[in-house]
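S.K.: Put chain B on the given structure of chain A with help from the hints.
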Amino acid sequence: MGLESRKWINEHLPELRRKYPNKTVIVCEGRVVRAIDEPVDPLQVNEVARRLCRGRDWSYTYVSEREEEYIL
Amino acid sequence: MILIDVEVYNNVKKLYELFEAIVDTGATFCVMAEHIARKMGVVPREKEGKIHLWQVDGPLVLSESIFRIRYREKEQNVEVVIVSLCEDYLRLATPNEICERPTTPHPLTSRIILGKSFLDKLGEGERKEILVSSFSLPRFASSQAEPE
Chain A
1 MGLESRKWIN EHLPELRRKY PNKTVIVCEG RVVRAIDEPV DPLQVNEVAR RLCRGRDWSY
61 TYVSEREEEY IL
Chain B
1001 MILIDVEVYN NVKKLYELFE AIVDTGATFC VMAEHIARKM GVVPREKEGK IHLWQVDGPL
1061 VLSESIFRIR YREKEQNVEV VIVSLCEDYL RLATPNEICE RPTTPHPLTS RIILGKSFLD
1121 KLGEGERKEI LVSSFSLPRF ASSQAEPE
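Line order of the protein sequences matches chains A and B.
Those letters in the first sequence? Residues 1 to 72, by our numbering.
Those letters in the second sequence? Residues 1001 to 1148, by our numbering.
Chain A on its own, in the form it takes in the complex (with noise of 0.2 Å):
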């Protein structure tokens, strides 16, 4: 389970926030493999990191722009 992509996705969410706003970001081992336009499904981006990531660890998230300020 992507623990340690998790995390470097965590202490890195400002970088990504200007790199790739309001995209889907797949991160492997400790950078960037894939950026997609839009958010996508779970169950998608599952399908392209088992194809890119394969045995490896991995995480995505969707970047949002400012996205803390719209969770009540």
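Hints may be right or wrong, so weigh each one.
Unchecked claim - Derived DSSO-like pairs (lysine-lysine); straight-line CA-CA distance at most 27 Å:
no.	chain 1	residue 1	chain 2	residue 2
1	B	K1013	B	K1074
2	B	K1039	B	K1074
3	B	K1074	A	K7
4	B	K1050	B	K1121
5	B	K1039	B	K1014
6	A	K7	B	K1121
7	B	K1014	B	K1074
8	B	K1039	B	K1050
9	B	K1121	B	K1014
10	B	K1013	B	K1121
11	A	K23	B	K1039
12	A	K7	B	K1116
13	B	K1074	B	K1128
14	B	K1039	B	K1013
15	B	K1128	A	K7
Hints are computed from structural coordinates only; laboratory data are not their basis.
M.R.: This is chain B only, laid out in the frame that chain A set:
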């Protein structure tokens, strides 16, 4: 906001799928969008009927189901409520919608919410790690490293 990864069993593909999850300490249940739950072959538990909850501006009546959720190799059966989202909320706002809704898509478009029904299944150490330490987002922090 606290984001973690969990794996949720997909009954159709017969495998675990990784989900980004918002940990919500104020939520009683975990929550998944209906269009995703349907693709995963999750059947709402009809016998027990609907579950009645309060949200900010009124009551919310949802279906409930049990999901197999795996966190750090430990699998749990967790109560999850399934919420139907308006299809228009699954995308960014268009210019003429700007004053009527947040610009960003609904958070459940690409994530699930983990509430008390999940957190209660964890050991104290795991719960503490999630709530107190490394998974909280650095909202205004800056980091030296640049992603590719």
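S.K.: CA of K1050/B to CA of K1121/B, is that 27 Å or under?
M.R.: 23 Å, holds
S.K.: Quickly compare the C-alpha distance for K7/A and K1121/B to 27 Å and report which way the hint goes.
M.R.: 22 Å, holds
S.K.: Would you check the hint for K1074/B and K1128/B, treating anything up to 27 Å between C-alpha atoms as holding?
M.R.: 17 Å, holds
S.K.: Would you mind confirming whether the straight-line C-alpha gap from K1013/B to K1074/B stays at or under 27 Å?
M.R.: At roughly 20 Å apart (the allowed maximum being 27 Å), K1074/B and K1013/B satisfy the hint.
S.K.: Tell me if the straight-line CA distance from K1039/B to K1013/B falls inside 27 Å.
M.R.: 9 Å, holds
S.K.: What's the verdict on K1074/B and K7/A, does the C-alpha distance respect the 27 Å limit or exceed it?
M.R.: 19 Å, holds
S.K.: Between K1121/B and K1014/B, does the CA-CA distance stay at or below 27 Å?
M.R.: 23 Å, holds
S.K.: Are K1039/B and K1050/B close enough, with their CA atoms no more than 27 Å apart?
M.R.: Holds, at about 21 Å.
S.K.: Does K1121/B sit within 27 Å of K1013/B, going by the straight-line distance between their CA atoms?
M.R.: Cα-Cα ~25 Å, so holds.
S.K.: Is K7/A close enough to K1116/B, meaning Cα to Cα at most 27 Å?
M.R.: 22 Å, holds
S.K.: Verify the proposed pairing of K1039/B with K1014/B, using a straight-line Cα cut of 27 Å.
M.R.: 12 Å, holds
S.K.: Between K1014/B and K1074/B, is the straight-line Cα distance small enough, at 27 Å or below?
M.R.: Given pair K1014/B, K1074/B holds - Cα atoms ~17 Å apart, limit 27 Å.
Violated hints for the displayed structure: none, as all numbered hints are satisfied.
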